[in-house]
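Protein chains in written order, with this note's numbering: chain A, 1 to 574; chain B, 1001 to 1166.
Calculated from the structure, these hints are not laboratory results.
Among these hints, one or two may not hold up.
Said to hold, decoys possible - Label-pair ranges, simulated between beta-carbon atoms:
#1 B:GLU1153 - A:LEU53: 51 to 57 Å
#2 B:GLU1100 - A:ALA52: 48 to 54 Å
#3 B:SER1088 - A:GLN181: 51 to 57 Å
Said to hold, decoys possible - Lysine to aspartate or glutamate pairs mimicking EDC-like chemistry, simulated, CA-CA at most 16 Å apart:
#4 B:LYS1043 - A:GLU55
#5 A:LYS489 - A:GLU518
#6 B:LYS1067 - A:ASP182
#7 B:LYS1042 - A:ASP457
#8 A:LYS489 - A:ASP457
All C-beta atoms in this analysis are idealised placements derived from N, C-alpha and C, irrespective of residue type, glycine included.
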Amino acid sequence: MQNLSSDKNLSSQSSQDESGPSLDELRALLLGPELQARIKNLKLRPEDVSRALPEALILSAEEQEKLTSAAVPTVEDAIRSSVNQDHNILSEALFPVIGPATRKAVSAALQNLTQSLNEGLEHSLSPQSFQWRLEAARTGKSFAEIVLLRTLLYQVEQVLLIHKDTGLLLQQLVADTVVAQDADLVSAMLTAIQDFIKDSFRVERGDSLDTLHFGELTVWIEAGPQALMACVIRGTAPQEIRGLFQDVLEKIHLVCGQDLKHFHGDNTAFAQSQPYLQECLQAQFKPKRNSISPLVWVFLGLLLLGIGWQSFGLYQQRKALNNYVTNLQQQPGVVIINSKLKNRKVLISGMRDPLAIDPLSLAEQNDLNPQKVQAQWAPFLSFDPALVKTRAEKKLKPPKTVAFSVNAQNTLVITGTAEQSWIQQVREQALQVPGIVQVNTEQLQPFEKQALELLKDQIEGRSILFGIGRWKPLTNSEPILSQLVQDIKAATQLANTLNQNVIISIEGRTDRVGTERENLLVSQARAESIRARLIRRQIEPAILRTQALGATQNTHNQEGRLSERRVSFKVTLE
Amino acid sequence: MLQKKICMVGAFATGKTSLVSRFVRGIYSDKYQTTVGVKIDKKTIQIQEQMVNLILWDIHGEDEFQKIRMSYVRGSSGYILVVDGTRSETLDKAISLQSEIKKEIGDVPIIMMLNKSDLTSEWELDDQTIEQLSQEKKWTVIKSSAKEGLGVEKCFNSLATQIISQ
Chain A
1 MQNLSSDKNL SSQSSQDESG PSLDELRALL LGPELQARIK NLKLRPEDVS
51 RALPEALILS AEEQEKLTSA AVPTVEDAIR SSVNQDHNIL SEALFPVIGP
101 ATRKAVSAAL QNLTQSLNEG LEHSLSPQSF QWRLEAARTG KSFAEIVLLR
151 TLLYQVEQVL LIHKDTGLLL QQLVADTVVA QDADLVSAML TAIQDFIKDS
201 FRVERGDSLD TLHFGELTVW IEAGPQALMA CVIRGTAPQE IRGLFQDVLE
251 KIHLVCGQDL KHFHGDNTAF AQSQPYLQEC LQAQFKPKRN SISPLVWVFL
301 GLLLLGIGWQ SFGLYQQRKA LNNYVTNLQQ QPGVVIINSK LKNRKVLISG
351 MRDPLAIDPL SLAEQNDLNP QKVQAQWAPF LSFDPALVKT RAEKKLKPPK
401 TVAFSVNAQN TLVITGTAEQ SWIQQVREQA LQVPGIVQVN TEQLQPFEKQ
451 ALELLKDQIE GRSILFGIGR WKPLTNSEPI LSQLVQDIKA ATQLANTLNQ
501 NVIISIEGRT DRVGTERENL LVSQARAESI RARLIRRQIE PAILRTQALG
551 ATQNTHNQEG RLSERRVSFK VTLE
Chain B
1001 MLQKKICMVG AFATGKTSLV SRFVRGIYSD KYQTTVGVKI DKKTIQIQEQ
1051 MVNLILWDIH GEDEFQKIRM SYVRGSSGYI LVVDGTRSET LDKAISLQSE
1101 IKKEIGDVPI IMMLNKSDLT SEWELDDQTI EQLSQEKKWT VIKSSAKEGL
1151 GVEKCFNSLA TQIISQ
């Protein structure tokens, strides 16, 4: 067009100089008759356009897609117009294409269906299928949909962009954490396999190997006019993703069309395809189950056991502490102020009477290790009757014959017998014992008095026998006399301690034989005889009195009369 | 980096796989294993300060029962015709193969390797024939021995240089 404009300018300029004959000649010489005619008639001729159009189209195609974009509306209108006029023309033209395309689409759909069915069957009897059936019922989706939804887990591990003719690798993208093999060899081998299959089997022209399965690996191969895209997938990818791969391949063809066409081994130009290939690295992962290692379970079990054991131990220890504290609180002279467990030790503090029980001695009874009990006791005096009693016992040192008791009014009640001197001491000192308010000794008897009574009974129980009409005791009376002397001496001594005097009344008796006067005389003689004998044995004469009672009884047998002839004793305390 | 597809073609048992093995891995094995289909290897070499990734297609040898699939050579930037110098008939096979390949992929750099040069006592090709062939076809002809490594590197480097220089 630029050339034509130039020509036009040239033409107008020429017309201005038309007057010059030399110029006409020059023009005729330079342009010739044909060019001159065309200059005169500047309209575009169809034959010229038809000649330039193919070249123009090629040039335009090389300048990106401008011509394509510009041609789209016209082509669309043309197709629409053609279909409106006679749809048979287009359908006949497309027939060779529609067949394979339809077969491919149906094949893909069937493959999807088979995949779905397989997975459905696979999971129809599994325990998880029941869960999925429930989910299907809850969400209103079909079971197959749920199965697909829950099982389509995959990762596109690698994407290889391969030049179709040479089998050379143009670009490669590998997902993170995936270790890829040598992509150059893989792409070449994939191409070789494609070629092998094409050569070995009768395949439709344009068909290509589109899927490879190996264990859980699948290679989906998308073929474009210039390049192949091989996507290595681990797991089961949804068929929809294939559409994404096709889109990506189309985009790459659009962007790198010229580079693909003129590829001679330099793949640097294909770096621009990386963002598109990146789109293909899709992944869908099953949510991680909490598949915990058995070792972890064992560890957790042991941990729980340990915690349980510790807790149980703590519970036991706390229970033991409570029992211990309760027990201690019941003890007289112990007041608990604080108690707690710390670092598996029992810390306890309070007040304690020195006479109270040792708290540690109760620890073991309450299942506590005494070595783990740390106690702090402040001393105090308890007025608890039990401790007051102990305190009194400690202070007053009662003999074994004496018993102490302290009543609720803190009255010390002393019972039993004790030496008079001790009794006097107690009466003076008992009230000095802390906690004793009053002393009751009503039931406390001096030991001497009791002994004196005993001696009195012993003395009064003795008799010295005499022969008929005699005042000299029978010879066998000597031991009785000796014993009597001892008793009287002991009684005298005891009476002295009690500030009393012992008076021994010696009573002489006779049997009925003889007159009363005689009997009185004999009985008096007998009493005096014994008194003299006692005096001879160091008995104080002042305490010995005699009394003649004569015959006091009337017995008839021999033995009875013997017992009537006797001297007996009466003890009086003054 | 430049990538170039190179094919190894020739009659069966001419030592194509051994040549590739010697070139790529530097090893040789006496054990003969026939190639089924195609084996692919690669080696990166430096030509004129440019790194070139050679993708080597070791195509099964052709015999009366098995024809080489031309689809394998499609897209090759060059190829190596391997001839067993101890079997003169393999030269004829190489020539006929070259003719077929030319039909398929056109004129691309070619190297003819006369392999097994270590077996001098069994050598069947005379130098005159080889010289004549070289001049007539304008091919680079190199004697090689996969066993001893003779001429192997030279051959591949020479082919790569021709390809780059195109």
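Comparing the hints with the structure gives:
Between GLU1153 (chain B) and LEU53 (chain A) the C-beta distance comes to about 53 Å, which sits within the given range of 51 to 57 Å. A C-beta distance of roughly 41 Å is found between GLU1100 (chain B) and ALA52 (chain A), which places it outside the suggested range of 48 to 54 Å. Separated by about 41 Å at the C-beta atoms, SER1088 (chain B) and GLN181 (chain A) break the suggested range of 51 to 57 Å. Of the pairs offered as hints, the one joining LYS1043 (chain B) and GLU55 (chain A) is violated, with about 42 Å between alpha carbons and a cut-off of 16 Å exceeded.
Restraint check for LYS489 (chain A) and GLU518 (chain A): the C-alpha separation of about 33 Å exceeds 16 Å, so the hint is violated. Only pairs whose Cα atoms come within 16 Å are accepted, and LYS1067 (chain B) paired with ASP182 (chain A) is rejected, the gap being roughly 29 Å. With a CA separation close to 141 Å, the supplied pair LYS1042 (chain B) and ASP457 (chain A) exceeds the 16 Å bound. Of the supplied pair hints, the one linking LYS489 (chain A) and ASP457 (chain A) holds, its CA atoms being roughly 14 Å apart against a limit of 16 Å.
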